[in-house]
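Protein sequence lines, in the order shown, are assigned to chains A and B.
Position 50 of the first sequence, counting from 1, maps to 50 under this note's numbering, and the rest follow consecutively.
Position 33 of the second sequence, counting from 1, maps to 33 under this note's numbering, and the rest follow consecutively.
A portion of the hints provided could be inaccurate.
[Said to hold, decoys possible] Straight-line alpha carbon distances no greater than 20 angstroms define the calculated DMTMM-like cross-link-like pairs of lysine to aspartate or glutamate that follow:
| no. | chain 1 | residue 1 | chain 2 | residue 2 |
| --- | --- | --- | --- | --- |
| 1 | B | Lys139 | B | Asp118 |
| 2 | B | Lys150 | B | Glu13 |
| 3 | B | Lys94 | B | Glu13 |
| 4 | B | Lys47 | A | Asp85 |
| 5 | B | Lys50 | A | Glu65 |
| 6 | A | Lys35 | B | Glu207 |
| 7 | B | Lys150 | B | Asp184 |
| 8 | A | Lys35 | B | Asp4 |
| 9 | B | Lys50 | A | Glu70 |
| 10 | B | Lys159 | B | Glu119 |
| 11 | A | Lys35 | B | Glu206 |
| 12 | A | Lys35 | B | Asp184 |
| 13 | B | Lys47 | A | Glu87 |
| 14 | B | Lys47 | A | Glu70 |
| 15 | B | Lys139 | B | Glu191 |
| 16 | B | Lys150 | B | Glu119 |
| 17 | B | Lys50 | B | Glu91 |
| 18 | B | Lys139 | B | Glu119 |
| 19 | B | Lys47 | A | Glu65 |
| 20 | B | Lys150 | B | Asp196 |
[As the list claims (entries may be wrong)] Pulled a few chain B residues facing chain A out of the computed Cβ check, cut under 7 angstroms:
| no. | residue |
| --- | --- |
| 21 | Glu25 |
| 22 | Ser26 |
| 23 | Ala29 |
| 24 | Ala30 |
| 25 | Gly32 |
| 26 | Arg36 |
| 27 | Ser38 |
| 28 | Asp41 |
| 29 | Arg44 |
| 30 | Leu62 |
| 31 | Met63 |
| 32 | Gly64 |
Derived from the structure by calculation, the hints contain no laboratory data.
Just so it is clear, CB atoms sit at the ideal spot from N, CA and C, and this is done for glycine as well.
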Amino acid sequence: MENPFRQVIVNTHSSGVVQLCDPDDLLLAALVPQKASDGSVGASLSLLPFRGSWRAAADGPVFSEADLVEFLTPPPGRHIQLPVDFEI
Amino acid sequence: MRGDVYTGIFVAEGSSDAPLAGIVESLFAARGVALRLSAPDFERLGKVSKDVASRVEAGIRLMGGLQPDVVVVHRDADNAGMEARQQEVREAVKRVGYTNACVPVIPIRMTEAWLLLDEQAIRHVAGNPRGRAGLGLPKVHEVEALSDPKSYLRQCILKAAEVTGRRRESVAKRFPQHRRQLLDRLNCNGEVVRLDGWRALLESVEEVVLTFGG
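For reference, chain B alone in the conformation it holds in the complex:
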């Protein structure tokens, strides 16, 4: 901790997941803890392996070798399941000799599950905020059970855009940017609070806040 601000490092699964760092910071802030996460884009560090341990180790080295107060690691649960993935993250972090707090961010199956909850946000990023086309969004209790939420979200954005031909192709190509914008707009107090993956994240944050005496 430096003054009244805690320091941390955020290891994302991909570079379009970077807005999750701000989301985790605001979850801490809402519980009275000022946390600043450094979120290096590890994809630009070609010589650092992609596994969690290598990235955490590289991040700590870049921070001058001092252990940050919190390490936040984002990984999709995919087919491994949330608990197995949490365990994997905690073990990888320990393996590099890191002993302070760890917050795993593990959306069930994929991060896109968290982005399928806000119809208006999807229409907005698709560039057609007043559109009326049916998007066929899943119900809240269904999103974590979808087998491929990424392709589902892709289809929903295309439906929301209501364009054809070349314009449709150009919307399709911009999926990573649209996905990033949806993450940026994720309402931390919205429907997402009903998802198991999100609740597990809140539990981890609260555990860490308690160890900080919050």
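Okay, chain A solo, but in the shape it has when bound:
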């Protein structure tokens, strides 16, 4: 390709897409409440890198598997599933 993409940004809630990503590439969009200079509390959006990934600064906030449980487990109340002994 003459002019290849240098970066592709995907915004997703899909557990399938998340599971297929290299954790190094993932950023978690999280709201962290912060106090503004006028004393009010507002939430600011932070894009957090995965713990131990190249983007994770030594002392910067990160996310971990604890934030990904709903992306890494089957949803509750599912209507269709394999017989228990077929599950991986």
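Given the structure of chain A, go ahead and fit chain B onto it with the hints provided.
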């Protein structure tokens, strides 16, 4: 602490209690401490036992084994009483070798007591914000003495919806979602500040903020 943001884990009693994590974060933020709580839905981790110690241990493992700055544990006082429940939480957390700060969130009797204070919010989640039907809400000093605030709240939402038949059934079925929305809308500076369970939470938060040098 990572940079200027503290890390923590939130262990809720049930998955519809998840908005409490945001409430605790904003209580810290109001005192000048940026705290980010991871709030895994432990109900989706079938192999992790439901007790506080097992959940805290699992949460720390999921965070890569590093102890977070704060562990926040939500449990209703039920019949055990607030102090006994606080003690139980602190002991369970210690048992798994966790030594940093712990904030127990213990509503007196049930979390629903905190949701019975805002009539307009109840009418709103019931889908009838302009309704006039009397809800029979308890007075502020009575909510922590109700024997079953959950069923009380359920009845109040049904009264607020002012619907009958199938529509009433469908409102009744949506109670967990309505309860969650009410938690989301809980006004941290509203009547809740007059409740003993809430005041105990504020005390715990303030103690931790002090240890952080806030």
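Hints and how they fare:
1. B:Lys139 to B:Asp118: holds, 11 angstroms
2. B:Lys150 to B:Glu13: holds, 14 angstroms
3. B:Lys94 to B:Glu13: Measuring from Cα to Cα gives roughly 18 angstroms; hence the hint holds.
4. B:Lys47 to A:Asp85: Given that 20 angstroms is the threshold and the Cα spacing comes to 16 angstroms, the pair holds.
5. B:Lys50 to A:Glu65: Between Lys50 (chain B) and Glu65 (chain A) the Cα gap is close to 19 angstroms, so the pair holds against 20 angstroms.
6. A:Lys35 to B:Glu207: Within the cut-off at roughly 19 angstroms; holds.
7. B:Lys150 to B:Asp184: holds, 17 angstroms
8. A:Lys35 to B:Asp4: holds, 13 angstroms
9. B:Lys50 to A:Glu70: With a Cα-Cα distance of about 17 angstroms, the restraint between Lys50 (chain B) and Glu70 (chain A) holds, given a limit of 20 angstroms.
10. B:Lys159 to B:Glu119: Given pair Lys159 (chain B), Glu119 (chain B) holds - Cα atoms ~11 angstroms apart, limit 20 angstroms.
11. A:Lys35 to B:Glu206: Measuring from Cα to Cα gives roughly 16 angstroms; hence the hint holds.
12. A:Lys35 to B:Asp184: holds, 19 angstroms
13. B:Lys47 to A:Glu87: holds, 15 angstroms
14. B:Lys47 to A:Glu70: Status holds; Cα separation ~15 angstroms.
15. B:Lys139 to B:Glu191: holds, 10 angstroms
16. B:Lys150 to B:Glu119: holds, 16 angstroms
17. B:Lys50 to B:Glu91: Given pair Lys50 (chain B), Glu91 (chain B) holds - Cα atoms ~16 angstroms apart, limit 20 angstroms.
18. B:Lys139 to B:Glu119: holds, 11 angstroms
19. B:Lys47 to A:Glu65: Distance ~16 angstroms between Lys47 (chain B) and Glu65 (chain A) Cα, so the pair holds.
20. B:Lys150 to B:Asp196: Given that 20 angstroms is the threshold and the Cα spacing comes to 18 angstroms, the pair holds.
21. Glu25: The hint holds - Glu25 (chain B) has a Cβ within 7 angstroms of chain A, the shortest such distance being about 5 angstroms.
22. Ser26: holds, 4 angstroms
23. Ala29: holds, 4 angstroms
24. Ala30: holds, 5 angstroms
25. Gly32: holds, 6 angstroms
26. Arg36: holds, 5 angstroms
27. Ser38: Interface hint status for Ser38 (chain B): holds (4 angstroms vs cutoff 7 angstroms).
28. Asp41: Because about 5 angstroms separates Asp41 (chain B) from the closest Cβ in chain A, which is inside the 7 angstroms limit, the hint holds.
29. Arg44: holds, 4 angstroms
30. Leu62: holds, 4 angstroms
31. Met63: Since chain A brings a Cβ to about 5 angstroms from Met63 (chain B), closer than 7 angstroms, the hint holds.
32. Gly64: holds, 5 angstroms
Violated hints are absent here; each numbered hint is respected by the structure.
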